[in-house]
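2 protein chains.
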Amino acid sequence: MDTLGALSRTHNCNELGPDNLDQEVVLMGWVLRRRDHGGVIFIDLRDRWGITQVVFNPEVNAEVHAKAHRLRSEWVLAVRGRVERRPADMENPKLKTGAIEVLVSELHILNTSETPPFPLDEEVEVSDNLRLQYRYLDLRRPEMARNLIMRHKAVQAARNYLSENDFLEIETPMLTRSTPEGARDYLVPSRVNPGRFYALPQSPQLFKQMLMVAGMDRYFQVVKCFRDEDLRADRQPEFTQIDMELSFVTEEDIIGITEGMIAEIFKAARGIELRPPFARMTYDEAMERFGTDRPDTRFGFELIDLTEKLRGCGFKVFGQVIEKGGVVKAINAKGCATFSRKDLDDLTEFAGRFGAKGMAWIKIKEDEWQSPITKFFSEEEIATMREALDAEPGDLILFGADSRGVVNQVLAELRLELARRLELIDGESFDFLWITDFPLVEYDHGEKRHTAVHHPFTAPREDHLDLLESEPGKVKSRAYDLVLNGNEIGGGSIRIHRKDIQERVFQVLGIDQQEAEEKFGFLLRALELGAPPHGGIAFGVDRLLMILTGSDSIRDVIAFPKTQKATCPLTEAPAPVARKQLTELHLRPDWKE
Amino acid sequence: MDTLGALSRTHNCNELGPDNLDQEVVLMGWVLRRRDHGGVIFIDLRDRWGITQVVFNPEVNAEVHAKAHRLRSEWVLAVRGRVERRPADMENPKLKTGAIEVLVSELHILNTSETPPFPLDEEVEVSDNLRLQYRYLDLRRPEMARNLIMRHKAVQAARNYLSENDFLEIETPMLTRSTPEGARDYLVPSRVNPGRFYALPQSPQLFKQMLMVAGMDRYFQVVKCFRDEDLRADRQPEFTQIDMELSFVTEEDIIGITEGMIAEIFKAARGIELRPPFARMTYDEAMERFGTDRPDTRFGFELIDLTEKLRGCGFKVFGQVIEKGGVVKAINAKGCATFSRKDLDDLTEFAGRFGAKGMAWIKIKEDEWQSPITKFFSEEEIATMREALDAEPGDLILFGADSRGVVNQVLAELRLELARRLELIDGESFDFLWITDFPLVEYDHGEKRHTAVHHPFTAPREDHLDLLESEPGKVKSRAYDLVLNGNEIGGGSIRIHRKDIQERVFQVLGIDQQEAEEKFGFLLRALELGAPPHGGIAFGVDRLLMILTGSDSIRDVIAFPKTQKATCPLTEAPAPVARKQLTELHLRPDWKE
Numbered sequence: 001m002d003t004l005g006a007l008s009r010t011h012n013c014n015e016l017g018p019d020n021l022d023q024e025v026v027l028m029g030w031v032l033r034r035r036d037h038g039g040v041i042f043i044d045l046r047d048r049w050g051i052t053q054v055v056f057n058p059e060v061n062a063e064v065h066a067k068a069h070r071l072r073s074e075w076v077l078a079v080r081g082r083v084e085r086r087p088a089d090m091e092n093p094k095l096k097t098g099a100i101e102v103l104v105s106e107l108h109i110l111n112t113s114e115t116p117p118f119p120l121d122e123e124v125e126v127s128d129n130l131r132l133q134y135r136y137l138d139l140r141r142p143e144m145a146r147n148l149i150m151r152h153k154a155v156q157a158a159r160n161y162l163s164e165n166d167f168l169e170i171e172t173p174m175l176t177r178s179t180p181e182g183a184r185d186y187l188v189p190s191r192v193n194p195g196r197f198y199a200l201p202q203s204p205q206l207f208k209q210m211l212m213v214a215g216m217d218r219y220f221q222v223v224k225c226f227r228d229e230d231l232r233a234d235r236q237p238e239f240t241q242i243d244m245e246l247s248f249v250t251e252e253d254i255i256g257i258t259e260g261m262i263a264e265i266f267k268a269a270r271g272i273e274l275r276p277p278f279a280r281m282t283y284d285e286a287m288e289r290f291g292t293d294r295p296d297t298r299f300g301f302e303l304i305d306l307t308e309k310l311r312g313c314g315f316k317v318f319g320q321v322i323e324k325g326g327v328v329k330a331i332n333a334k335g336c337a338t339f340s341r342k343d344l345d346d347l348t349e350f351a352g353r354f355g356a357k358g359m360a361w362i363k364i365k366e367d368e369w370q371s372p373i374t375k376f377f378s379e380e381e382i383a384t385m386r387e388a389l390d391a392e393p394g395d396l397i398l399f400g401a402d403s404r405g406v407v408n409q410v411l412a413e414l415r416l417e418l419a420r421r422l423e424l425i426d427g428e429s430f431d432f433l434w435i436t437d438f439p440l441v442e443y444d445h446g447e448k449r450h451t452a453v454h455h456p457f458t459a460p461r462e463d464h465l466d467l468l469e470s471e472p473g474k475v476k477s478r479a480y481d482l483v484l485n486g487n488e489i490g491g492g493s494i495r496i497h498r499k500d501i502q503e504r505v506f507q508v509l510g511i512d513q514q515e516a517e518e519k520f521g522f523l524l525r526a527l528e529l530g531a532p533p534h535g536g537i538a539f540g541v542d543r544l545l546m547i548l549t550g551s552d553s554i555r556d557v558i559a560f561p562k563t564q565k566a567t568c569p570l571t572e573a574p575a576p577v578a579r580k581q582l583t584e585l586h587l588r589p590d591w592k593e
Numbered sequence: 001m002d003t004l005g006a007l008s009r010t011h012n013c014n015e016l017g018p019d020n021l022d023q024e025v026v027l028m029g030w031v032l033r034r035r036d037h038g039g040v041i042f043i044d045l046r047d048r049w050g051i052t053q054v055v056f057n058p059e060v061n062a063e064v065h066a067k068a069h070r071l072r073s074e075w076v077l078a079v080r081g082r083v084e085r086r087p088a089d090m091e092n093p094k095l096k097t098g099a100i101e102v103l104v105s106e107l108h109i110l111n112t113s114e115t116p117p118f119p120l121d122e123e124v125e126v127s128d129n130l131r132l133q134y135r136y137l138d139l140r141r142p143e144m145a146r147n148l149i150m151r152h153k154a155v156q157a158a159r160n161y162l163s164e165n166d167f168l169e170i171e172t173p174m175l176t177r178s179t180p181e182g183a184r185d186y187l188v189p190s191r192v193n194p195g196r197f198y199a200l201p202q203s204p205q206l207f208k209q210m211l212m213v214a215g216m217d218r219y220f221q222v223v224k225c226f227r228d229e230d231l232r233a234d235r236q237p238e239f240t241q242i243d244m245e246l247s248f249v250t251e252e253d254i255i256g257i258t259e260g261m262i263a264e265i266f267k268a269a270r271g272i273e274l275r276p277p278f279a280r281m282t283y284d285e286a287m288e289r290f291g292t293d294r295p296d297t298r299f300g301f302e303l304i305d306l307t308e309k310l311r312g313c314g315f316k317v318f319g320q321v322i323e324k325g326g327v328v329k330a331i332n333a334k335g336c337a338t339f340s341r342k343d344l345d346d347l348t349e350f351a352g353r354f355g356a357k358g359m360a361w362i363k364i365k366e367d368e369w370q371s372p373i374t375k376f377f378s379e380e381e382i383a384t385m386r387e388a389l390d391a392e393p394g395d396l397i398l399f400g401a402d403s404r405g406v407v408n409q410v411l412a413e414l415r416l417e418l419a420r421r422l423e424l425i426d427g428e429s430f431d432f433l434w435i436t437d438f439p440l441v442e443y444d445h446g447e448k449r450h451t452a453v454h455h456p457f458t459a460p461r462e463d464h465l466d467l468l469e470s471e472p473g474k475v476k477s478r479a480y481d482l483v484l485n486g487n488e489i490g491g492g493s494i495r496i497h498r499k500d501i502q503e504r505v506f507q508v509l510g511i512d513q514q515e516a517e518e519k520f521g522f523l524l525r526a527l528e529l530g531a532p533p534h535g536g537i538a539f540g541v542d543r544l545l546m547i548l549t550g551s552d553s554i555r556d557v558i559a560f561p562k563t564q565k566a567t568c569p570l571t572e573a574p575a576p577v578a579r580k581q582l583t584e585l586h587l588r589p590d591w592k593e
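As given, the protein sequences belong to chains H and F, one line each in that order.
First residue of the first sequence? That's 1 in my numbering, and the numbers climb one at a time after it.
First residue of the second sequence? That's 1 in my numbering, and the numbers climb one at a time after it.
Errors might be hidden in some of the hints.
No distinction is drawn between identical chains; accordingly, a pair holds when it is met within one copy or between any pair of copies.
[Claimed, not checked] Listed next, the in silico DSS-like pairs over lysine-lysine satisfying Cα-Cα at most 25 Å (straight line):
(1) 363 <-> 375
(2) 499 <-> 67
(3) 153 <-> 267
(4) 96 <-> 153
(5) 519 <-> 565
(6) 153 <-> 224
(7) 580 <-> 519
(8) 316 <-> 580
(9) 592 <-> 580
(10) 519 <-> 592
(11) 448 <-> 580
(12) 565 <-> 342
(13) 365 <-> 342
(14) 96 <-> 357
(15) 96 <-> 499
(16) 365 <-> 375
None of these hints come from the bench; they were simulated from the model.
Let the sequences and hints guide you as you build the complete structure.
Set out below in structure tokens:
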């Protein structure tokens, strides 16, 4: 193999064009493809930036041509040569460098390569496990490189924007204390403090509040957070947040700042000009119209509440649900009256997965409302529904009748399923929506107590403070979430900065004084030592980038993601450790060896 | 207490000056100081940016003045008022806002404060523990805020510089696999993989090499790293690195890029214009002249090797050391002949801490070489030493005689101690020095094998490859460290990119094929799938910022540092956890409860 020596690149593989004709250049990269044609060897040389065709012609240099005969896929080369225009019929308009080629006079083989376990130049289905095991090959694929480049640009744009807006990036500890924020902590045993454990942060929430008490005024951080949850398709044990906190601000300030940041991110990463301000919707309206607090507003099919209209109606199933305090809501799936029996059976089965005990439907035909249940409704009830649902011939009405929670969830999922089936969604549109006026707490029937909808440090609305003890369920918080295309990409709130209010909220959440002191003593102490009004927000970088890049999975925007079993097939982490290491940590095994 | 409402700041507390006279402004911040004078209340209002004097005059607004009577230190205020020029004799030229004051017409008390446990407006000695326990107060002190602001600027400058130079910031995992790099790992038990553990990274070394194999070409990351070591004064369990790696480069490329980055950092953080290129010195020369591979070159007092000159000399102690293969080196402490007996005893005791069995010295007087040992040397030996040491009347010669390792360490430390005692060091000078040509390996007499001086992935010099098996101790590596004022602030190397060489180096390090496969199998596999030539470097952000800010401790440049027992007095991390959490992690306690 050859050494690099003093050889220096003059250009990358996406740079040369007709302006460079006749220049002597040095390129370095990987053999993507080799074609031999009429005794001449053509190599597509690839680097992070692109592809350039390099040519080995025996008539130019027989020795170099002979050496080039050894070249195989993924070998690493440095070549010196002259830029020439390709013959007109050989131009490749798909490549930025497609008008030229480099006629090689000097070839250095910097490394060879075994045959890769999967080809990189084709759209081949490769198992996720193999992709992760050979991640360094997987990342050579242009779409993966593009994702990481876009991620870099997006995060860098956010950092620059926030820096220009007087934010300081301040690092908070990774080895910290477990705070109860809903999910399970990753623990790190302390060697020098036997029986004690650090927790990896689920978020830097309390540290950023401390920074506000410290007078830092505007903090941000791009920060790793951790949750030891059972992984669903799009969860990772570690994930990255753009986290921020501001002092002396209201919701409007934070929303304004973050809209500006999101706009910068989209411009830098995709060249897309967003036009803030984004739309807003209250939590109550979102639940009413879409059945979820993160509605995808790129298509219609909204939920229509028929409860009051059908109270005491002829169809007993609905009537009884309503009588028991439940609700009846419906979606008008415009133009879907052509759905087959099988389609409807599939949708019913789908609805069942989300708790529906069945699914009533009506096909609106020119001459009749086709359905097993039409006969139970009076003329008047039909007319009422027609008006409420804007039902026209060709439509399909799908009903949910159950408790409000079940109906909302089922119809919200059905709505998304219909959009997928009907391909209603424009993949290139980005619909942003702020959700505001969340409830402060919700009642957990399992634990028989109120839990925080966001977290215990979220401020209640000032004008709802009077209801805090008497009707906590009616208190709205000062929280806001940002939803993009039906995904929650960020969320935050104005925080409690007064000790008396924080103590009252702890009480409402069933956290007594002793527990509050134990877990949050330092927060309470900080609140009585000059805490300013403050609030913040955090954005999930992985999910945002998944949407920005149009990827199917957050794994495609993370360089070294974990599998669903939280393992890394490349390094084989997690791995067994020596017994001595455990002993040093004052731990003994409790597993079958 | 008052609410913020729709009130909005117009300026920060370091912004107003004579240009703003008669403007109505809104300021927010903390009460730093209160003075009552002739019925008028003067408050120094402080925020992150600075201080502005706000004035409550009963003749302007009696009600507001009355309210202001309640104000105490560290209360949080919003004030509306008019900018006025201070009376000429009341101007404060030390403050940027010292020419003006704000006559308040509207006062909002946003929060009160208990009396802080230590005052913030004076240079009071506060115990480290108390400072960390109330870190949010400690950080309100202007010098601490200044440090965090400088840190933000420094890191942001590095990021922008690297981005402009085509680097991509790519995140590597925090939950990773233990790699043997010298220090103890922090371990994270896996819940879903019983008996298996993640390690927190000591560095992203192998991941960044994987990114080079992946063709990312230029990677960087500002990244948390972890070492579970017993903490010395200036170590933290978690620390931050600016980490980078480049493909298709030599040492010169990396040195050039990083010199540019350091220059940007100094400009952004301190307004200091550095003038790269920095000085360079080989490892051998540094050890010879300074006894250390991180010499502080801001002052002289270099080590002079007298071994050959004193071989067989009249002073038996030296003669015997030399005969046994040891060395004799000396420092000429210019002008220190006035040191007292006690000074010399102190220095001897100091030298003893680093392994010296004693310390010979000679005071050069006008008329004699004053010392218990002078009498043992011949006239000729004295003359030789005089010349070698450039000894003149008034000088003090300090000797080290022992194995080369001990002598170098003792004299290197003595040299620093002399500089401290004599205050030789200009606190405002920044001396950068590259150390190059390190040995690849050193022999560990305890473990009876060669260990890597940097790490096992460091490339040997091409022209030394022949010596790898026969005389590994003579092989120089392609590593380089950057030293600033005697501190190693960065280090890196060109890496091995060929599998055959990596395997040979593993052999030299006593890592057999099975162990290599087990621990580094994925690296070896990657090296045979098209690994480009590559290399990199990493900088310690905490230490660099300590030097940049002129702080005494790295704790002063970290928002929430740990104590020497690796605890956080603010949050009381690490903390006990519920037994259930341990059980979930398949662990049992092995500590006394």
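**Study point:** Within, between, both or neither, where residue 96 and residue 153 count as close if Cα-Cα is 25 Å or less
**Key:** within (21 Å within a copy, 37 Å between copies)
Query raised in the report: How would you label the pair residue 153, residue 267 (within, between, both, or neither) given a Cα cut-off of 25 Å?
Result: both (9 Å within a copy, 24 Å between copies)
Please sort residue 365 with residue 342 into within, between, both or neither, judging by C-alpha distance up to 25 Å. Intra 18 Å, inter 109 Å, cutoff 25 Å: intra-copy only.
#### Entry: Alpha-carbon proximity context of residue 153 and residue 224, limit 25 Å
Intra 18 Å, inter 21 Å, cutoff 25 Å: intra and inter.
Exercise. When no copy is specified for residue 96 and residue 357, does a C-alpha distance of 25 Å or less occur within a copy, between copies, both, or neither?
Worked result: neither (57 Å within a copy, 71 Å between copies)
- [ ] Pop the pair residue 592 and residue 580 into one bin, within, between, both or neither, using alpha-carbon distances up to 25 Å.
- [x] Close inside one copy (18 Å) and across copies (18 Å); limit 25 Å.
- For the identical chains here, do residue 448 and residue 580 meet the 25 Å Cα criterion within one copy, between copies, both, or neither? between (45 Å within a copy, 21 Å between copies)
Check your understanding: At most 25 Å between C-alpha atoms: does residue 519 with residue 565 qualify within a copy, between copies, both, or neither?
Key -> between (31 Å within a copy, 21 Å between copies)
key: Alpha-carbon proximity between residue 499 and residue 67, which holds within one copy, between copies, both or neither at 25 Å   = between (77 Å within a copy, 21 Å between copies)
Please work out whether the CA atoms of residue 363 and residue 375 approach to 25 Å or closer within one copy, between two copies, in both situations, or in neither? within (13 Å within a copy, 117 Å between copies)
Item to complete: With 25 Å as the alpha-carbon cut-off, assign the pair residue 365 and residue 375 to within, between, both or neither.
Response: within (15 Å within a copy, 122 Å between copies)
query: For the identical chains here, do residue 96 and residue 499 meet the 25 Å Cα criterion within one copy, between copies, both, or neither?
result: neither (61 Å within a copy, 34 Å between copies)
Hint compliance for this structure: hints 8, 12, 14 and 15 are broken, all remaining hints hold.
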